[in-house]
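Sequence lines, in order, name chains P and R.
Read in numbering that gives the first Met the number 0, the first sequence has 82 at position 83, and its numbers run on one by one without any break.
Read in numbering that gives the first Met the number 0, the second sequence has 359 at position 360, and its numbers run on one by one without any break.
Certain hints may be false.
[Claimed, not checked] Short, incomplete list of chain P residues facing chain R, as computed with Cβ under 10 Å:
#1 Val2
#2 Thr25
#3 Ser29
#4 Gly31
#5 Val34
#6 Asn35
#7 Asn52
#8 Thr63
#9 Glu137
#10 Leu175
#11 Arg239
#12 Gln280
#13 Leu297
#14 Ile301
[Claimed, not checked] Facing chain R, a subset of chain P residues (Cβ under 10 Å, in silico):
#15 Thr8
#16 Ala43
#17 Ala44
#18 Gln62
#19 Gln70
#20 Leu100
#21 Asn101
#22 Gln130
#23 Ser139
#24 Leu165
#25 Gln166
#26 Gly170
#27 Gly205
#28 Ser299
[As the list claims (entries may be wrong)] Have a look at the derived ranges for each label pair, beta carbon to beta carbon:
#29 R:Asn385 - P:Gln279: 40 to 48 Å
#30 P:Gln268 - R:Ile259: 34 to 42 Å
#31 R:Asn377 - P:Ala117: 36 to 44 Å
#32 P:Asn97 - R:Gly363: 45 to 53 Å
#33 R:Asn300 - P:Thr278: 26 to 34 Å
#34 P:Asn260 - R:Ile259: 33 to 41 Å
#35 P:Asn260 - R:Gly270: 56 to 64 Å
#36 R:Asn377 - P:Val213: 47 to 55 Å
#37 R:Asn300 - P:Ala288: 47 to 55 Å
#38 P:Gln279 - R:Gly270: 49 to 57 Å
#39 R:Gln406 - P:Ala256: 29 to 37 Å
Just so you know, the hints here were simulated from the structure itself, not pulled from any lab data.
Positions of the beta carbon are idealized from the N, C-alpha and C atoms, including for glycine.
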Amino acid sequence: MRVDPNYITNLAGALDQVQGNQQLLTNELSSGVRVNSISQDPLAAGENVLLLNQIQQDDSFTQTSSLVTGQLQVADSALGSVVTQLTQAISLATSANNGTLNSSDVQSVSNQIAGILAEVQSLANTSYQGQYIFGGGETSAAPFSTSNATSPAVTTYSGDSDVNYLQMPNGQKIQLNVPGDQIFLGSGSNNVFAALNNLIADYSGGKVNTQQAVNDTASLNTALNYLSQQRVTIDNSITRLTAATDAVGSQQTQLTAAQTNLMQADIPQVATQLSLSETQQTALEDVIAQLGSQQNSLFSKIGP
Amino acid sequence: MGTINSAFSIMSQALEADQAALNVTANNVANANTPGYTEERPDWQQNAPINIGGGINGMQIGQGVTETGATSQRDRVLNERLDQQQQLASASSARLSALNAVQTLFTPDSGSTSSSSAGDIGSDITSFFDSFSSLEANPTNNALRQNVLSTGSTLAGDISNAAASLNAQRTALDQEAAGVASQVNSLTSALAQLNLEIQSSSPNGDAGVLEDQRQQDLSQLSQLIGINQITTENNGLSITTTSGQLLVSEGQSFQISTGIVNGVTNFFADGNNITPQLASGGGQLGGYLAARDQDIPSVLNSLDQLAYNVSTQVNTLNNGGTDQAGDNGNAGDIFLQPTQVEGSALGMSVVITDPNHIAAASLGAGTGDNSNAIALANLASQAIVNGQTPSNYFSNFVTTLGSTVQQVQTENAAQNASITQLQTQRDALSSVNLNDEASSMTQFERSYQAAAQVFTMLNTIMASALNLGEQATVA
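Just chain P, same shape as in the assembly (with noise of 0.2 Å):
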């Protein structure tokens, strides 16, 4: 049987094999990744994509509920110091009411709840970075301004009802704000402002229409009750929020280590598998260093 006489060309091309196989290992080893062509795991590179998308909207979440939390602790203080500001005012009227006080101390009483008021529409006009957040979708101006034009005074609210949410990873959405209107302006005795504006007015001049001020006492605890309850909506926020975060972290965790299991080189097995090759091509170059010698060709035995 005849053989092909040119096999050490066929050699060389097994060598150049072995060489762009160890080009693509070494590849492998200092990128510490495996798939470093999308052909060469097309399943891989594509379940990247969306692992990738997956961890970096965790990532964005993460940042933006830290941004959302600050904006909700500080809704959440504030309505903590009105509830303050609210009970001392109460207080405030109800020792009015008990008819032991002089004029003075009866207007006196007036000029504080007055002082009451404006810590309250102050706090009412909270702003976090430049957003009033008790003024619904209008956050550009101060939601609160009461005129002093009548008596009893009255507070208006400038803002809208609108409510916005925080969309999660998993669609969820967290409320961010309750607008102001429904905190301070309650129907009915549910008014926080009005309870105020009204005692306000019981008491000033010194005189006491102590129906009238029990009445309008009585309609401040209720609104301070109704107060308290919009608050528990922002608290179970921030709950909500901070339950969302931690789980959001605990997957981006799994979906990085899913994703680095898919992507990264098994190192140990990259270096075996190069080792082999280094083996193979010392083999190869000895074969033809062997074969290619002049010592194989029939021609140097026979001489003239």
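Put chain R on the given structure of chain P with help from the hints.
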């Protein structure tokens, strides 16, 4: 009796024949590395015997040998098989190198760093829609709005750059393909000329060196274009493309002409546009055309779909909300609104410069509202691109492209392995094996020496005959 004289004649013919055989060996050794050279073997022919005595009682006496030339060790079927496989391998190899260039545009992001690597459209898509999610937290915040614009610009820039690179690759392939056509034309002219020479010099047998040249031209042609070979009378050859357009008819060649149609080079034979047939026909030309007319347009179309749908949907929602400046329902487009799917990727860009024109609030709501930002962020999870979410669409696109490249790689590897086998078979038969030549040379040398020796002895015998057994002057 003329027997001693005829023995002299037999021996002198043998010496000539052995010399001729040694010439053949020398020629083989000399051409051992000539591309396309086919090993030749000397042809020996026994001379016709003569009949001494006549009739049925006569004696048949052999009259020696004549060396009648040399035959190339050729297997046409094997050669044609090799050519066909070469056409397939050249096509997949040209297509593979084009696809390899395409896939470098979509190198997978390792994800080892938190920031996305440059040019990764997959990360860009997520970053862009995430920027709307962040805007939910504080819809009036200028930094968050600016972030929407910058992530949008990155997305648009990366998609547009990828499309521009693909177009450039397409142009390069177009030029390569046009170059191949002119090489094909010069080879077919040469083949037609060779056909004429072969038909006139050796209509009935192997044409030796001329046949080697024709075979060499055919194998070069097979690297360039897919062909069919049809043997005609008098050792002629007709060549058509795989789809049947005549390139060479014995002594006549037909040129492939080129012309620009829709901005790309098209190929014509006999006035017919044969570009689509050539694309699936094989050879380098087939590979280039398959990449130019099928693979790259398909990738471009995928990017176009992505760019068109993302741009259109984002623009529609932005125009359906209220921006920071209070524009209700006419905030304007974020991306340049494409008029058609084709070319959307190349033309994708962010057209707004003022971040206040991002409509985070819903129609009629205060500027602090974030409903529209939620709606925009939700596009990321809606099936807005051909029934898939943008990320899923891109992921599937990457998998599809990767699989195509992998498939062509596998095809190419298999075809190359098959070529190696066929070449081994062909070379075993047709290539010059120096060891064989050494042994042949030794053999011919020995028989030359033997013939010379016989000649010397005949000389002695002749001298004895002339001297009739006496010592005389003739030695």
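Any CB of chain R closer than 10 Å to the CB of P:Gln280? With a closest approach of 19 Å, the P:Gln280 hint is violated.
Using the Cβ atoms, figure out if R:Asn385 sits within 40 to 48 Å of P:Gln279. Taking Cβ atoms as reference, R:Asn385 and P:Gln279 lie about 46 Å apart, which means the hint holds.
Verify the interface restraint on P:Arg239: the C-beta must sit less than 10 Å from at least one C-beta of chain R. violated (15 Å)
Falls inside 36 to 44 Å, the C-beta gap from R:Asn377 to P:Ala117? holds (42 Å)
Can we keep the P:Ser139 interface hint, with Cβ of chain R closer than 10 Å? holds (6 Å)
Hint check for R:Gly363 and P:Asn97 - Cβ pair distance inside 45 to 53 Å: holds (51 Å)
Residue hint P:Val2, partner chain R, criterion CB-CB below 10 Å: Constraint on P:Val2 satisfied, holds at 6 Å.
Take a look at whether the Cβ-Cβ distance between R:Asn300 and P:Thr278 falls inside 26 to 34 Å. violated (47 Å)
Looking only at beta-carbon atoms, does the pair R:Asn300, P:Ala288 fall within the given range of 47 to 55 Å? Cβ of R:Asn300 to Cβ of P:Ala288: about 52 Å, so the range 47 to 55 Å holds.
Under 10 Å is the threshold here; is the Cβ of P:Ser299 close enough to any Cβ of chain R for the hint to stand? Status holds, d = 9 Å.
Restraint check, 10 Å cut-off on beta carbons, for P:Ser29 near chain R: At about 12 Å, which exceeds the 10 Å cut-off, the nearest Cβ of chain R leaves the hint on P:Ser29 violated.
Any CB of chain R closer than 10 Å to the CB of P:Ile301? At about 6 Å, which falls below the 10 Å cut-off, the nearest Cβ of chain R leaves the hint on P:Ile301 intact, so it holds.
Hints 2, 3, 11, 12, 20, 21, 27, 30, 33 and 34 from the earlier list are contradicted by this structure; the remaining hints agree with it.
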